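Given these sequences and hints, build the entire structure.
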Amino acid sequence: MNTWSFEHPWFLLAILIVAAAAWARNRSRPATVQVSSTAVLQQIKPTLRVRLHALPDWLRVAALVLLVVALARPQQVDTEELSAEGLDIMITLDLSGSMNAIDMSDENIQKLHDDGREPDNRFEAARKILKDFIRGRKSDRIGLVVFGSEAYLRFPPTLDYIRLLNALDQLVLDDGRRTNADRMNCQNDCTINGGGTAIGDALNRAWMRLDTSLDKNKQKSKSRSRMLILITDGKQEGGKLDPLTVPKYVAALPEKDRVKIFTFQVGSGKETRLPAFDPMRGMPIVDRFGHNVYQRPERPFPTDPELLAQIAQLTGGKFYDSYDAKKFANDFKDLEKTTFKTKVRTHRRELFWPWLLVGLSLLAVEVLLRRSWLRTIPD
Amino acid sequence: MPEVQDKSISQEVREIEIIARRLVSSTLAGQYHAVFKGRGMSFDSVREYQPGDDIRTIDWNVSARTGGIFVKQYVEERELTVLLVVDLSESQKFGSQKKSKRKWAAEIAAVLAFSAISNNDRVGLILYTDRIERYIPPKKGRGHVMRIVQELLRFEPQGHGTRTDVALDYVSRIARKRAVVFVLSDFLGDGYDRSLGVLSGRHDVVPIVTYDVVDKKWPIPKGIWLLEDAETAHVAKLDANHFETLVQYSQRAAVADRKLEHLIRKFGMEPITAAVGADYLTSLVAYFRRRAARQ
Chain A
1 MNTWSFEHPW
11 FLLAILIVAA
21 AAWARNRSRP
31 ATVQVSSTAV
41 LQQIKPTLRV
51 RLHALPDWLR
61 VAALVLLVVA
71 LARPQQVDTE
81 ELSAEGLDIM
91 ITLDLSGSMN
101 AIDMSDENIQ
111 KLHDDGREPD
121 NRFEAARKIL
131 KDFIRGRKSD
141 RIGLVVFGSE
151 AYLRFPPTLD
161 YIRLLNALDQ
171 LVLDDGRRTN
181 ADRMNCQNDC
191 TINGGGTAIG
201 DALNRAWMRL
211 DTSLDKNKQK
221 SKSRSRMLIL
231 ITDGKQEGGK
241 LDPLTVPKYV
251 AALPEKDRVK
261 IFTFQVGSGK
271 ETRLPAFDPM
281 RGMPIVDRFG
291 HNVYQRPERP
301 FPTDPELLAQ
311 IAQLTGGKFY
321 DSYDAKKFAN
331 DFKDLEKTTF
341 KTKVRTHRRE
351 LFWPWLLVGL
361 SLLAVEVLLR
371 RSWLRTIPD
Chain B
1 MPEVQDKSIS
11 QEVREIEIIA
21 RRLVSSTLAG
31 QYHAVFKGRG
41 MSFDSVREYQ
51 PGDDIRTIDW
61 NVSARTGGIF
71 VKQYVEEREL
81 TVLLVVDLSE
91 SQKFGSQKKS
101 KRKWAAEIAA
111 VLAFSAISNN
121 DRVGLILYTD
131 RIERYIPPKK
141 GRGHVMRIVQ
151 ELLRFEPQGH
161 GTRTDVALDY
171 VSRIARKRAV
181 VFVLSDFLGD
191 GYDRSLGVLS
201 GRHDVVPIVT
211 YDVVDKKWPI
221 PKGIWLLEDA
231 ETAHVAKLDA
241 NHFETLVQYS
251 QRAAVADRKL
261 EHLIRKFGME
271 PITAAVGADY
281 LTSLVAYFRR
291 RAARQ
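Those protein sequence lines, which keep their order, are chains A and B.
Sequential numbering from 1 applies to the first sequence in the numbering used here.
Sequential numbering from 1 applies to the second sequence in the numbering used here.
FYI, nobody ran anything at the bench for these hints, they're computed from the structure.
Remember, predicted model here, so these are calculated numbers, not experimental data.
Cβ atoms here follow ideal geometry from the backbone N, Cα and C, with glycine treated the same way.
A hint or two may mislead.
Derived coverage of chain B by chain A (criterion: at least 3 residues anywhere in the stretch with Cβ under 8 angstroms from a Cβ of chain A; other residues may be distant) [to be verified]:
no.: 1; region: 208-219
no.: 2; region: 224-231
no.: 3; region: 249-262
If we take Cβ atoms under 10 angstroms as the criterion, some of the chain A residues that face chain B in the derived model are [as the list claims (entries may be wrong)]:
no.: 4; residue: T38
no.: 5; residue: A39
no.: 6; residue: V50
no.: 7; residue: V365
Calculated cross-link-like contacts (lysine to aspartate or glutamate; reagent style EDC-like; alpha-carbon spacing at most 20 angstroms) [said to hold, decoys possible]:
no.: 8; chain 1: B; residue 1: K72; chain 2: B; residue 2: E48
no.: 9; chain 1: A; residue 1: K45; chain 2: B; residue 2: E244
no.: 10; chain 1: B; residue 1: K259; chain 2: B; residue 2: E156
no.: 11; chain 1: A; residue 1: K326; chain 2: A; residue 2: E107
no.: 12; chain 1: A; residue 1: K270; chain 2: A; residue 2: E306
no.: 13; chain 1: A; residue 1: K45; chain 2: B; residue 2: D165
If you want it as structure tokens, here you go:
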């Protein structure tokens with residue numbers, strides 16, 4: 001953001017004084033030399049000099065206005081929003097099978113199909129939003145934990161966003177077609193599968209990483225502000241740790257060591273579709289136009305927004321109910337706004353110099369003209 | 001302050017008197033006398049015939065009655081009325097020299113008044129602006145002239161403009177007998193042609209055009225001059241750096257001069273021009289000489 005502003009806008013009122021003075025001077029009769037008669041003079045064609053005779057007065061007014069503006073100190077204020085010291089952020093992303101779902105009505109899917117596009121499932125939406133988010137960061141170290149039935153540290157907190165983005169790109173959602181038995185085909189280097197939602201484990205892994213990571217000066221990450229982002233679409237299922245263990249532990253820490261956990265419940269909306277899948281051929285069902293066929297899930301996915309809200313509340317974070325992709329994006333923007341845009345650096349670039357210089361030079365020109373080319377008698 | 005002013009004015013009156021008397025007694029008296037002789041002769045008395053007298057002057061009636069020979073004695077009808085009509089308008093106040101046109105006019109008028117008085121003429125004064133400001137009826141005597149001079153110097157006019165026609169018409173109205181009318185003005189106004197014609201038909205009108213050199217030619221000082229008309233308060237600008245402008249200034253002024261002179265001559269008069277600070281005496285004397293020669 002950059003805007004114009006005046007440091008001392010009140011000085012601009014002096015323009016009124018200048019205007020009043022100019023008006024008064026214009027009204028008052030100039031000093032003159034009396035002659036017997038100007039009848040003869042009226043017959044003489046006015047020269048350029050005579051016609052420009054009032055120029056110095058106008059220059060004076062213009063110069064004064066410019067100087068007043070300079071006095072008000074115009075500034076260009078660049079506000080740069082940044083988190084000054086940089087945060088350590090751990091993102092925990094749900095890779096369970098239900099992230100495969102699409103939160104969209106049939107009509108909307110049809111619309112996208114008409115445009116020749118496939119709708120984003122929850123995972124793809126989250127991936128896009130996270131990529132945007134990461135690209136928008138500058139000095140925050142970001143790590144990634146993915147989880148399904150287990151939790152897995154995909155990337156420790158890093159400033160190397162390019163590689164982090166690569167890692168994000170390489171994530172593969174377990175759509176149930178592959179098994180970890182197949183080495184060539186298993187997901188995410190055969191680390192996790194989508195058969196569960198181990199929120200507790202994920203939080204733990206993320207928290208441990210945050211708590212032990214070192215910063216540039218080999219200091220513990222504790223010295224930096226930290227935050228945790230949890231993105232999930234379901235309720236705790238599988239995993240070894242109760243989801244509230246970590247939040248409770250964090251909440252009990254002294255304030256400076258606490259980590260806020262922001263939780264996103266994705267896909268709790270009513271309009272939920274799953275891509276139809278042909279178990280015999282092991283392939284998604286495609287209609288004659290080549291579009292995926294979506295169908296309603298046989299039973300609604302179990303969600304646990306209360307749990308997520310509790311986690312957020314315990315740690316001083318915030319819970320977002322991101323029922324569809326659009327809401328999700330908005331929620332993430334909100335998170336960015338509240339968490340990252342608090343620190344604002346303003347650069348004030350003084351802009352009065354040009355005003356001052358032009359004003360002074362106009363004044364100089366005016367005086368010069370008055371003294372030389374447009375010398376008026378009586379002065 | 002007024003006292004001081006009075007003093008200075010009485011001093012000025014004295015000075016003018018001295019100047020005027022000297023001029024009158026030395027150069028001007030004879031000339032003035034020669035020019036303004038009055039009209040004809042009037043019978044004074046009879047005296048005894050003496051050898052050498054023109055026999056045409058013998059008064060036969062008286063001679064018959066008394067038995068001796070008497071001749072008629074005539075005197076020149078000297079008693080002229082001189083009217084000094086002086087313009088006191090604002091434009092007359094202008095002066096680039098030591099004196100304003102008004103002072104100058106006053107001085108000339110004083111000289112004329114003293115000349116007249118030394119010729120035993122009656123002198124009257126009319127001061128005017130855009131109206132008649134003051135009228136002092138013609139009288140004789142040194143005291144009267146002193147009053148006129150004082151009035152010339154001291155009078156503060158009410159009006160500001162110039163209506164020469166009003167003054168001339170006024171003179172036409174009040175002066176029954178043929179008079180010598182000196183009109184001292186810068187003749188800057190307009191519309192007095194007819195009045196001048198009427199007046200010059202009945203009286204011996206001598207226009208004395210007072211002017212300041214600046215009225216005719218812009219002096220050296222350069223720059224843009226803000227000039228205000230003394231009477232109309234109109235402000236005009238003069239680019240004194242511009243040669244063409246200055247040339248035009250002089251030309252236009254000269255044109256106005258020629259127009260005025262043409263007008264004056266049209267009615268059989270001859271103008272006397274009196275530039276402030278210049279020697280007016282010479283032009284006066286020259287004028288008188290020319291007139292004397294014509295008669």
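Hints and how they fare:
no.: 1; hint: 208-219; in the structure: holds (count 4)
no.: 2; hint: 224-231; in the structure: holds (count 8)
no.: 3; hint: 249-262; in the structure: holds (count 4)
no.: 4; hint: T38; in the structure: 4 angstroms, holds
no.: 5; hint: A39; in the structure: 7 angstroms, holds
no.: 6; hint: V50; in the structure: 4 angstroms, holds
no.: 7; hint: V365; in the structure: 17 angstroms, violated
no.: 8; hint: B:K72 / B:E48; in the structure: 9 angstroms, holds
no.: 9; hint: A:K45 / B:E244; in the structure: 10 angstroms, holds
no.: 10; hint: B:K259 / B:E156; in the structure: 31 angstroms, violated
no.: 11; hint: A:K326 / A:E107; in the structure: 16 angstroms, holds
no.: 12; hint: A:K270 / A:E306; in the structure: 17 angstroms, holds
no.: 13; hint: A:K45 / B:D165; in the structure: 31 angstroms, violated
Checked against the numbered hints given earlier, the structure breaks hints 7, 10, 13 and satisfies all the rest.
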